[in-house]
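> Listed below are the residues making up each chain.
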Amino acid sequence: MNPMEQLRKARPAHLDTPVDEGTRAAELTHAMAQFRPAKPARARKIAKPVWGLGLVGVAAATAVAVGITATGGTTSAPSAPAVAQGAQPAAVKLSAKQVLLVAAESSLKAKAGSGAYWYVESTSGNADIVGTKVRYTVNSLGRSETWIARSPKVDSWWISQNLGTKPAPGSEAAWKRDGSPTTWSVKGAKRGATGKRVIDSKAGKPFGNPINVGDKVADLAGKNVSFAELQTLPTTAAALKARLLQGYAGHGTESNDPQDADAWLFQVTSGLLSSMPVKPAVRAAAYQVLAGLDGVRSLGEVTDALGRKGQGIGRAENWPNGQYERQIIVDPQTGVLLTDQIVAVHAGGQWAGAKPGTVVNWNAITKAAWTDDKPVKP
Amino acid sequence: MTDDSQQFTTMYDECRQRVWAYVVSQAGRQVADEVVSETFAIAWRRFDDVPDPALPWLLGVARNVLRDNIRAEIRRESLAAELRAWTEEDHAERVAERLAVVNALASLTQEERELLILVAWQGLTPRDAARVIGCSPAAFRVRLHRARKRLVQAMRTAPVARSQSRVRNLSEEWS
Numbered sequence: 001m002n003p004m005e006q007l008r009k010a011r012p013a014h015l016d017t018p019v020d021e022g023t024r025a026a027e028l029t030h031a032m033a034q035f036r037p038a039k040p041a042r043a044r045k046i047a048k049p050v051w052g053l054g055l056v057g058v059a060a061a062t063a064v065a066v067g068i069t070a071t072g073g074t075t076s077a078p079s080a081p082a083v084a085q086g087a088q089p090a091a092v093k094l095s096a097k098q099v100l101l102v103a104a105e106s107s108l109k110a111k112a113g114s115g116a117y118w119y120v121e122s123t124s125g126n127a128d129i130v131g132t133k134v135r136y137t138v139n140s141l142g143r144s145e146t147w148i149a150r151s152p153k154v155d156s157w158w159i160s161q162n163l164g165t166k167p168a169p170g171s172e173a174a175w176k177r178d179g180s181p182t183t184w185s186v187k188g189a190k191r192g193a194t195g196k197r198v199i200d201s202k203a204g205k206p207f208g209n210p211i212n213v214g215d216k217v218a219d220l221a222g223k224n225v226s227f228a229e230l231q232t233l234p235t236t237a238a239a240l241k242a243r244l245l246q247g248y249a250g251h252g253t254e255s256n257d258p259q260d261a262d263a264w265l266f267q268v269t270s271g272l273l274s275s276m277p278v279k280p281a282v283r284a285a286a287y288q289v290l291a292g293l294d295g296v297r298s299l300g301e302v303t304d305a306l307g308r309k310g311q312g313i314g315r316a317e318n319w320p321n322g323q324y325e326r327q328i329i330v331d332p333q334t335g336v337l338l339t340d341q342i343v344a345v346h347a348g349g350q351w352a353g354a355k356p357g358t359v360v361n362w363n364a365i366t367k368a369a370w371t372d373d374k375p376v377k378p
Numbered sequence: 001m002t003d004d005s006q007q008f009t010t011m012y013d014e015c016r017q018r019v020w021a022y023v024v025s026q027a028g029r030q031v032a033d034e035v036v037s038e039t040f041a042i043a044w045r046r047f048d049d050v051p052d053p054a055l056p057w058l059l060g061v062a063r064n065v066l067r068d069n070i071r072a073e074i075r076r077e078s079l080a081a082e083l084r085a086w087t088e089e090d091h092a093e094r095v096a097e098r099l100a101v102v103n104a105l106a107s108l109t110q111e112e113r114e115l116l117i118l119v120a121w122q123g124l125t126p127r128d129a130a131r132v133i134g135c136s137p138a139a140f141r142v143r144l145h146r147a148r149k150r151l152v153q154a155m156r157t158a159p160v161a162r163s164q165s166r167v168r169n170l171s172e173e174w175s
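The listed protein sequences derive, respectively, from chains A and B.
Here the first sequence is numbered in the working numbering, starting from 1 and rising by one per residue.
Here the second sequence is numbered in the working numbering, starting from 1 and rising by one per residue.
Be aware that one or more of the hints could be misleading.
As the list claims (entries may be wrong) - Covered stretches of chain A (in silico footprint by chain B; criterion: 3 or more residues with CB under 8 Å from a CB of chain B, positions within the stretch not fixed):
1. 16-29
2. 198-212
3. 331-339
Said to hold, decoys possible - Residues from chain B that keep clear of chain A, each with C-beta distances beyond 10 Å, as calculated:
4. Q17
5. I74
6. R76
7. E77
8. A81
9. R127
10. I133
11. C135
12. R141
13. V142
What the hints assert, rightly or not - The calculated label-pair distances, taken between Cβ atoms and stated as ranges, are:
14. A:P206 - B:D49: 21 to 29 Å
15. B:R84 - A:K9: 43 to 51 Å
16. B:Q7 - A:V19: 16 to 24 Å
17. A:S151 - B:D68: 14 to 22 Å
18. A:A352 - B:A96: 53 to 61 Å
19. A:A352 - B:V152: 54 to 62 Å
20. B:R141 - A:Q333: 55 to 63 Å
21. B:Q110 - A:V213: 19 to 27 Å
22. A:G179 - B:R67: 39 to 47 Å
23. B:E14 - A:P356: 31 to 39 Å
24. B:K149 - A:K166: 53 to 61 Å
25. A:H346 - B:R84: 57 to 65 Å
26. A:K166 - B:A96: 54 to 62 Å
27. A:G170 - B:Q30: 38 to 46 Å
Please keep in mind that the hints were generated in silico from the structure rather than gathered at the bench.
Small disclaimer: the values here were computed from a predicted structure and weren't measured.
Each residue gets a CB set at the ideal place from its N, CA and C atoms; glycine is no exception.
Kindly produce the complete structure, drawing on both the sequences and the hints.
The structure is reproduced here in structure tokens:
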């Protein structure tokens with residue numbers, strides 16, 4: 001007999017032991033509690049180029065920010081019902097373009113960094129609608145650290161920890177009426193009885209993994225890029241936008257859900273601003289790209305899940321499971337992107353039952369800085 | 001977005017057992033659940049990058065998780081117990097032949113064993129198996145050919161009695 005055939009037959013039978021239901025539920029829950037950096041679907045075609053606001057616009061926006069009373073407060077019409085949870089209208093609400101152009105201008109004040117690693121710390125949350133006696137929202141929380149190495153010879157690291165699940169702010173009373181459970185069972189939308197997922201309130205321990213593939217350290221607009229490539233991104237809005245849209249040309253394995261080019265750019269550009277090691281001029285260009293997109297609206301002052309205040313910018317998104325708004329919360333005075341989040345407008349699918357305004361997924365950046373420290377591996 | 005948790009669950013149900021079997025064959029049952037759990041957590045986080053078919057990709061991730069998250073000493077002990085279990089598993093039919101094969105497998109290096117298991121027990125094509133261990137398909141074929149030769153040699157020469165000491169010696173192969 002062929003030795004490979006003999007080997008095949010010698011396969012220990014217990015390797016086929018099926019997974020038990022408890023382990024399956026626990027593993028699926030653990031996996032889906034991870035924060036997933038949302039990646040845009042490829043749109044079918046690229047919409048018209050829209051960047052057109054010149055220096056005059058920047059100057060005007062800056063003037064507003066430093067305190068001159070704005071007379072032409074051009075608040076863009078909401079494209080969705082008012083959804084910003086906890087949004088308080090500011091005394092003078094700046095338009096989305098104004099906020100973004102001020103943030104662009106402020107970004108230029110930052111110094112280009114040095115340091116062995118670009119370090120990003122974030123906390124995230126993902127909502128589920130649960131409850132047997134009453135329905136309410138719980139948030140599965142997580143934290144992560146990303147260490148992107150400057151040197152292509154050094155590993156970049158990602159460390160993550162499941163921080164457990166708890167009732168969302170405002171849901172505590174309903175949770176108590178439900179008997180203060182510490183695990184919740186939610187149904188998978190289409191899988192019926194077998195799609196049950198158990199959410200556990202318990203936190204997990206941290207895990208770490210190298211994330212680089214060779215010298216590639218990050219996913220920018222659907223393409224893996226090296227640190228050096230991130231450092232040489234274009235510093236004008238038009239060129240940066242063109243560069244980002246390259247990632248959107250070919251056809252790939254990503255979601256088949258259609259997504260228009262502006263929605264895609266809004267997501268990709270926000271991702272760049274929230275976590276990538278790029279030069280201050282590239283951040284400025286990225287804010288200008290956002291300012292040039294159709295459909296962005298100003299939410300005024302918004303408080304994020306960590307209680308930090310910033311200016312909210314939103315853009316409506318239609319997904320197969322409902323209508324949502326993607327929001328970013330920025331500090332226009334520093335150009336720092338504090339949080340990006342998805343807010344329910346008419347939620348369905350896994351978020352069916354989420355009230356309009358519920359933040360169903362968020363990622364709050366708590367630190368983004370250069371460091372010479374080395375990753376502390378768990 | 002809505003379909004992701006369903007698609008992910010489908011992928012999990014299709015691949016979980018095979019990922020687990022691979023990890024068990026590399027490092028034993030004691031560590032397998034932990035590695036599998038973390039592998040699927042990474043798969044969820046990077047679900048947009050997971051190719052179709054997902055299995056080779058998942059095995060590659062599991063391999064890295066095993067290397068990075070489980071201390072070498074623990075992998076070693078767990079695998080030694082696992083290999084002992086293979087030789088002790090009760091098979092009424094062709095016990096002697098099976099023992100010879102398993103003992104021969106246990107006497108190979110970690111790398112040789114992994115190549116053979118990916119092909120013979122996981123049923124991967126050389127191309128997919130090469131993807132798991134991160135080498136070119138051509139290099140994989142060369143290494144597989146060598147591992148196969150070593151297996152045949154070991155089946156001819158390794159007396160059953162040697163198996164226990166070989167199992168213990170595994171510790172020297174891990175780094």
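> Does each hint hold? Answer for all of them.
Hints, one by one, checked against the model:
{"no.": "1", "hint": "16-29", "verdict": "holds (count 9)"}
{"no.": "2", "hint": "198-212", "verdict": "holds (count 4)"}
{"no.": "3", "hint": "331-339", "verdict": "violated (count 0)"}
{"no.": "4", "hint": "Q17", "verdict": "6 Å, violated"}
{"no.": "5", "hint": "I74", "verdict": "15 Å, holds"}
{"no.": "6", "hint": "R76", "verdict": "19 Å, holds"}
{"no.": "7", "hint": "E77", "verdict": "18 Å, holds"}
{"no.": "8", "hint": "A81", "verdict": "13 Å, holds"}
{"no.": "9", "hint": "R127", "verdict": "17 Å, holds"}
{"no.": "10", "hint": "I133", "verdict": "14 Å, holds"}
{"no.": "11", "hint": "C135", "verdict": "14 Å, holds"}
{"no.": "12", "hint": "R141", "verdict": "13 Å, holds"}
{"no.": "13", "hint": "V142", "verdict": "16 Å, holds"}
{"no.": "14", "hint": "A:P206 - B:D49: 21 to 29 Å", "verdict": "22 Å, holds"}
{"no.": "15", "hint": "B:R84 - A:K9: 43 to 51 Å", "verdict": "20 Å, violated"}
{"no.": "16", "hint": "B:Q7 - A:V19: 16 to 24 Å", "verdict": "18 Å, holds"}
{"no.": "17", "hint": "A:S151 - B:D68: 14 to 22 Å", "verdict": "19 Å, holds"}
{"no.": "18", "hint": "A:A352 - B:A96: 53 to 61 Å", "verdict": "60 Å, holds"}
{"no.": "19", "hint": "A:A352 - B:V152: 54 to 62 Å", "verdict": "59 Å, holds"}
{"no.": "20", "hint": "B:R141 - A:Q333: 55 to 63 Å", "verdict": "60 Å, holds"}
{"no.": "21", "hint": "B:Q110 - A:V213: 19 to 27 Å", "verdict": "23 Å, holds"}
{"no.": "22", "hint": "A:G179 - B:R67: 39 to 47 Å", "verdict": "44 Å, holds"}
{"no.": "23", "hint": "B:E14 - A:P356: 31 to 39 Å", "verdict": "37 Å, holds"}
{"no.": "24", "hint": "B:K149 - A:K166: 53 to 61 Å", "verdict": "58 Å, holds"}
{"no.": "25", "hint": "A:H346 - B:R84: 57 to 65 Å", "verdict": "59 Å, holds"}
{"no.": "26", "hint": "A:K166 - B:A96: 54 to 62 Å", "verdict": "58 Å, holds"}
{"no.": "27", "hint": "A:G170 - B:Q30: 38 to 46 Å", "verdict": "44 Å, holds"}
Of the hints listed earlier, those the structure fails to meet are numbers 3, 4, 15, in rising order.
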